[in-house]
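J.: Protein chains in written order, with UniProt numbering: chain A, 1 to 152; chain B, 1 to 188.
If you're looking for bench data, these hints aren't it; they were derived computationally from the structure.
Remember, it's a predicted structure, so these values are computed and weren't measured experimentally.
Glycine included, every Cβ here is placed at the ideal spot set by N, Cα and C.
One or more of the hints may lead you astray.
[Stated by the list, open to error] Per label pair, the in silico range of CB-to-CB distance:
1. B:93 - A:41: 41 to 49 Å
2. B:174 - A:12: 16 to 24 Å
3. A:91 - B:53: 44 to 52 Å
4. A:5 - B:168: 42 to 50 Å
5. A:59 - B:125: 48 to 56 Å
6. A:145 - B:72: 34 to 42 Å
7. A:120 - B:138: 56 to 64 Å
8. B:128 - A:120: 24 to 32 Å
9. B:168 - A:96: 34 to 42 Å
10. B:12 - A:145: 19 to 27 Å
11. A:27 - B:128: 22 to 30 Å
12. A:151 - B:124: 38 to 46 Å
13. B:28 - A:104: 48 to 56 Å
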Amino acid sequence: MSDEAVLDRATQALRRHTDRGWTVVRENALLRALSAFRPSAPVRGRTATPAGAAGYFVAADVVVAALREGVSAVPGAAPLTITCSTDDHDRLVAVTIEIVAAFDEPLLPLAAAVRRAATSCLRTLLGDLAPLAGAVAVHVAITDVTDDPREL
Amino acid sequence: MEPLDAGGVSGAVSDLSLARRAALRDRDAFSQLVDRHGPALYRYVLRMVHDPEVAADCLQDTLVAAWTGFADFRGESTPRTWLFGIATRQAYRHRSRVALQPGPLPDDLVETTSHRPDQDAVDSALVEALDIALLGLPPLQRSCWLLREIEGLHYAEIALILGTTHDAVRGLLHRARSTLAETMEGWR
């Protein structure tokens, strides 16, 4: 074999190679990553309790994760980005949800379903006394259409 | 050469879709991305830092940075390239922790996946020889060669990761290939 041929064969062997160490480190590395703290803005929640109304805070990250789950459950839609805006008192004032829609899906009913899912999610998360109805604008932007069900 | 898994695995959800979901705090999507690219990321960082313990730390820091930073991923490169960019920065950060002189190779570097025994033996020896030859390359050449020849990234992607130009990548690769071929000439 020429020098180049040897190198080519070694290169191909390395491409096929999986280091034993990967299987050892995978679980820990993944767990550490998923438990890493990520600073996130607070969003104020408010709910009724036997002792009266109670306020609390939810991390914006948690709000986004819950909205993702809620919107993903709407048939024919998948979230691309979700942005929350709060006022000076950490009250949620707007949510913008960018989605990809299934090809041939009627868009207006789809947007309405996404909005309903988002509102329901927010009420669950931020409490029944949080000023959702009318006070929180839920914007839905359909920015992509796909005929690939795996992308939904 | 086509990039390996650049757009995701055929028949599966694309990398971009998984990255978008991970940005929306989807742990399963992130885990899928890690399982798809983790072995290659580990292979890469291990050969950049030479030490399994340091490579494990490096990989962990890469995954932490990816999970906490996915919200900032804008899709200007593929998720794979983005991950290799983070891994490269981590490898350079951790590199000062390891000896600069080549030492004995860790066992980890010569363990291969299963193939026919005869092919296995030759491949294993070749990988070992290549690992030794890689130790002789300057870090930038090594990084460049690994990203191109093993991980299948394009010149432009490598230039983006290494903060250099397309022409510089071409030059680095040329020198790396010459040195590696020369170092391995005993295998003829």
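J.: Hint by hint, note whether the structure agrees.
T.: Going through the hints against the structure:
For the pair residue 93 (chain B) and residue 41 (chain A), the supplied restraint of 41 to 49 Å is violated, since their beta-carbon distance comes to about 29 Å. In this structure the supplied range 16 to 24 Å holds for residue 174 (chain B) paired with residue 12 (chain A), their Cβ-Cβ distance being about 20 Å. With their beta carbons about 48 Å apart, residue 91 (chain A) and residue 53 (chain B) fall inside the hinted range of 44 to 52 Å. Take residue 5 (chain A) and residue 168 (chain B): their Cβ atoms lie about 27 Å apart, and the range 42 to 50 Å is violated.
Between residue 59 (chain A) and residue 125 (chain B) the beta carbon distance is about 52 Å. The supplied range of 48 to 56 Å therefore holds. One distance hint, 34 to 42 Å for the beta-carbon pair residue 145 (chain A) and residue 72 (chain B), is violated here, with the actual separation near 26 Å. For the hinted restraint 56 to 64 Å between residue 120 (chain A) and residue 138 (chain B), the CB-CB distance of approximately 58 Å keeps it satisfied. A hinted range of 24 to 32 Å for the beta carbons of residue 128 (chain B) and residue 120 (chain A) is inconsistent with their spacing of about 59 Å.
The hinted window of 34 to 42 Å between residue 168 (chain B) and residue 96 (chain A) holds, with their beta carbons roughly 41 Å apart. In this structure, residue 12 (chain B) and residue 145 (chain A) meet the distance hint of 19 to 27 Å, their C-beta atoms being roughly 21 Å apart. About 27 Å separates the C-beta atoms of residue 27 (chain A) and residue 128 (chain B), a value consistent with the hinted range of 22 to 30 Å. For the pair residue 151 (chain A) and residue 124 (chain B), the supplied restraint of 38 to 46 Å holds, since their beta-carbon distance comes to about 40 Å.
Separated by about 28 Å at the C-beta atoms, residue 28 (chain B) and residue 104 (chain A) break the suggested range of 48 to 56 Å.
The structure shown violates the earlier hints numbered 1, 4, 6, 8 and 13.
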